[in-house]
Amino acid sequence: MALLQIAEPGQSAAPHEHKLAIGIDLGTTNSLVATVQSGEARTLTDELGAAMLPSVVRYQAGGITVGSDAAQAATQDPANTLISVKRFLGKTQAEIEHSYGQLPYQFCEDNGSLAIQTEAGKVSPVKASSHILAALKARAEQSFGNQEILGAVITVPAYFDDAQRQSTKDAAELAGINVLRLLNEPTAAAVAYGLDSGQEGIIAVYDLGGGTFDISVLRLHQGVFEVMATGGDSSLGGDDFDSLLVDYFKQQTGVSALSPSVLRLFINKAKACKEALSQYAKVNVGLEFDGQNHTVEVTRETFDEMAMPLVKKTLRSCRRAVKDAGIENEEVLQVIMVGGSTRMPLVRSQVHSFFDKEPLTSIDPDRVVALGAALQADVLIGNKPDSDMLLLDVLPLSLGLETMGGLVEKIIPRNTTIPVARAQEFTTFKDGQTAMSLHVLQGERELVDDCRSLAKFSLKGIPPMAAGAAHIRVTFKVDADGLLSVSAMEKSTGVQAEIQVKPSFGLSDDQVANMLKESMSNAKDDMQARMLKEQQVEALRVIEALNASLDADGALLDDAQLTSLRAEIAELVKVRENAQQPSEIKAAIEKVDNASSEFASRRMDASIKKALTGQSVDNI
Amino acid sequence: MRYFELFAVPVDYNIDLATINKNYLELQRAVHPDRHANASSRDKLMSVQSAAEINDALQTLKHPVKRAEYMLSELGVDIRAEQQTLQDPLFLMQQMELREELEELASASDPDAAIANFEKQIKQLNEQYSAQLAEQLASSNEQQYQLAADNIRKLKFVYKLRDELERIEDSLFDD
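Heads up: the sequence lines are chains A and B, in that order.
For the first sequence, my numbering assigns the number 130 to the initial residue and increments by one for each residue that follows.
For the second sequence, my numbering assigns the number 860 to the initial residue and increments by one for each residue that follows.
Think of the hints as simulated: they come from the structure by calculation, not from any bench.
Watch out, some of these pointers could steer you wrong.
Stated by the list, open to error - Computed cross-link-like contacts, PhoX-like style, restricted to lysine-lysine with a CA-CA straight-line distance of at most 25 angstroms: (1) A:606 - B:982; (2) B:903 - A:720; (3) B:925 - A:606; (4) A:452 - A:442.
As the structure is a computational prediction, the values presented were derived from the model and not from experiment.
If we strip away everything but chain B, and leave its shape as in the complex, we get (with noise of 0.2 angstroms):
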């Protein structure tokens, strides 16, 4: 998978983001409009792209859903235009009691309680999808990746909770 290789490591959802950090900066070192300032224009057009898509891998890549999401697609399954929704009821009953308790937690007795416990559970939700994507990805069998197509709509779920928790935390002590 290019994004992977540009970065030299290997391809795993598990990211060794160190190495990647660091190998963004050589990579950029090189390619940078900056470091092409002089060079002919059909030179700069060429760096300007590949930085361009530098930025965009890394961006790719250090996001756990855009991560899952172009390392499916790689693999055959592009999910990322879909407007499919999920078909788990049981995930779904689970996302609104979650969905009441967020918003319940302003009014909470201890909101700071509250919300330390809302962010463990989120943050577990989070480990255990990760997990088993990780090892759906790495498989090289078509119903895995259609379980890790789910679990990548799970995900986003998880995702779209945090920032709403986020905003609730910056609301309540913004003043």
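Pulled out of the complex, with its shape left as it was, chain A reads as follows (with noise of 0.2 angstroms):
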């Protein structure tokens, strides 16, 4: 480690200057930010000094709601207030409906992917999802006078495939959040914990949040983080625990017909009678309404045998994951619980048993995910130079490509290290053939059907050739972050064919950028002023990287190069300062991008090969 770190004169960042980036966990039922202050990760409250923003929008014609506010108004008007999107994110209206049964929503066609029929018109999940990113964006703005935000870390579940991620990605875009990583939420959790240095072996992760229970089994192994199995339930949860109450009140006091603002006080007495019963072995619970007095008395005793079908529910879970990863209880080196509902002493004691371990518990288990999402933000946007985490993903589900018959033919395994490319060559079966189309599916299961369809690809302009003469090599590139994009060319004539990528589900580019123009029409200086002021960011990150690599290794490159490359620099920063439209500054960008593109490939090499000698020189 550095002792004294010497700056030059005129070196563009100062060492010690902190970077503020932030770590988010898009939750189900609640969503929060955390960042990392003087060396330790905390999450950020509301002015009420609430950490835990409900993730709930309400979309009225007047305006939209985020957060507690709009989750009081769900029972008075659930057809505009969206509860759980993200169980929505990257699915059709038909999945949706065959997982959910019933729900309040109109759902409707917007652009060829799904929304909700709102007063405040048609609204995606994606969209729904960038209103909760940018509610906390801006509280983390405010909890540091306005200063710039330069890139979060989000969390998504292990079993996220790449509709989901890609649609949590884009929700982030939406709500002018710069992506450092989207991020494991097990993996996220282990990192809170510190497990990522030093210790080597198989953790589980048990997640009991507000609405949704997931098992994640993740093997440590030299740094990379594997996760081996997920499992769990998408509609089991805290809320399940405090409608076992409500239920028991209604037996207790003998009513059995609730309005709804009499079932609302049941479920909040409900809630804060669960909540005491973690501390302490006797409740007794006051209701008042109508008239009426009531107090139940609660043991946790009783409260317990309640809710033990609901835990052993989630210990098979936990036993299938188990085996799903292939190895036995006893493997497991520890085990971390996620989620408020885990702080129920049934859970925690049931959880010790099955693992025959004692669970970890020492953070807030509501806040584990978002503290180890600002931990990796923090190392992700350079506060620790030092650090050497480096996490290691990998795909959660196989992805492939349609052949003949309907099956699907694996191109990339699960489970394979991200980021990763693969190519596959294909070949025309017709005479002249000039077109071909390929859908690709991600899922382990062998037919199209059972699979996620991601995207349909038709390759055109093909050199007309006999039969079997064309070679199409399609290559697949995972990034870190687990989303595909997919390119392909004619080999023997060096034809790049031309593709058109229709996504299954999610959005394209342009779908993002013209829901990004429309949600800022009504006011057109706003948007302008916004993205100015993003290109501004933008423009400075990459001046910053650029000198701090030159000041590294400008070496590399002989005078000549580094004349012309400091002189790009030099203009980019002038243009700048000076440009009233973001396309000017983007167009500076792209030309200091693109005259640096030698200098990128000298470094990458020479860092390669620095990573392997350094080596041996710290040997000497």
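Reconstruct the complex from the two isolated chains, following the hints.
Put into structure tokens, the structure is as follows:
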């Protein structure tokens, strides 16, 4: 570690300058935002001191409300109040209805993707998610006197497929957030506990939230987090325990039919009772309504008895996940508890006896995922240059192509470490064939119908040749976030085949751009100002990054190259300061970007060489 | 050969997996996109490409069949996309016998012992072909490369048997 850092005069960024990056836990029921300050991760609260923002958005003609105000309106205005939209990301209407039955929403289509009709117009799950993210971003900005937030790590469930991950990223983009990384929720929890350094072995993450239960089995090996198995129940959570207590209150008070407002009272009392029972053996609940006055006594024993079947259900999922991972319970090194419902003593004791291991509970289970995300964001944004943290993720579900007979041929199998690029060759089956259509799928099953359709491509402009003579090379690329892109070319002629991407789910870049425009069309100046600001921030990022690279590795270029690159940077600095149009800055960034391509590739080669030679120097 | 150079290990079919794994992490620490989250988009692109190549290199070198195919293709004989079948009646006969044996494992009087015995046979075959491959790939003789290609085809059969055995084992001890 460097004991003393000497900054050259004129060096771009002061070494101690703290850059602001946030971690966001975009949850089904609640969302949180956290950041690292003075080396410690902490969640940020709203003006009332609450860290959790209910993931609820209400759309009225007059405007949009996010959070607890929206949640309170849910009963009186169900059609316009979107709850748990995370469950809808990357899904079709049919899938949603199949999984969740009748919902109070009016589903419709918007530019070919799923949306919900509200008083304020059509709202897609991506848009609703972006409003939640924007609220969290605003909270973070307020906490830091409107200091610029340079980037965010956003967590997603480990089992999220490409469409769901892409939707999450689109939502972030809509909210004006620079996504540093999409991080798996269980991995984030493990990072919060510092398990990324030191220990090696298998970690189980038991996540019982407000409305969902997830179990993940991870293997930590040489800094690589591999998701071995995931499982759970998308409709089992804290709310189910509350409704058990509501039923008990009804039974004890002899009141069977409840008006909406009394039901709301019962639910709130049930929640409070459940929370109190985590600390006390007995709770007296006062229920006053419609001139009646009841007191119901609930002991922890009674509650545990009611809750046991639900807890057992989670353990069945655990057993299946452990089995899917191909391991035994005893092989699990650590069990991490995530989600507010894991505060229940019954849950803790049952999980303890299932894994025969004291679960980790020292970090607030509601915040642990956001805290882990913040820790990684802090590293990624460059606040901890000495950090050794490296989280290598794997592809959660196999990627493949449709072949003859409705079968799926796997191109990249699940659990392949990402990023990854794989190429596959195809040929034409008819003489003179000039086009070919490809269907990209994700999933483990063999039949197309059982996998998730990600995109349909048609390759056009293949030179006419005899059947089997054209060799079309299709390359799949998956980045560190688990997001897929595809390119194709005809090999013998070198013709780059034209690709049309039609995402079956999710949004195309154009759609995102359009939505971005639409969402701000009533305030054109705002949009202009925001886009200009975004480009300025981006330009600054590019300038700082390049200057830092030039300081470190300028020797890789000859004098002429160095001078011309520095001139391009100086030009960008000037444009950034004076431009009135975002497009001017964008063009200048692109120019610098192109001018630096040779430099970038030399640097990467040099760093690869250095990675291994540096090691032998250390050994001397 | 680039993949071996990447991990700074000698070009040899018999790999030093420990060193490769160790160097893999050092390389990823240098190039992984997380290390360049703040960089320009050009650097980011470069980083994703390099990280993907290093991942691919590791997968290739780790797997005995992929490693052999890679080395052979670098030596000028690319059999990775071939549809050609093996022309070795003796070998094919042996494979058919092994398949029959495999199918009878489940109904053996002592399945554990039968599986262990079968595993031993596969291991022997694997070692035999691997040892030959190492020599053939180290030579600079075109004829040896053709023999290596045949050996790789045989090794593929052996790996298929191994996968099949695992499947049978799973189904036997599942309940």
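*Enumerate the violated hints, using their earlier numbering and listing them in ascending order.*
1
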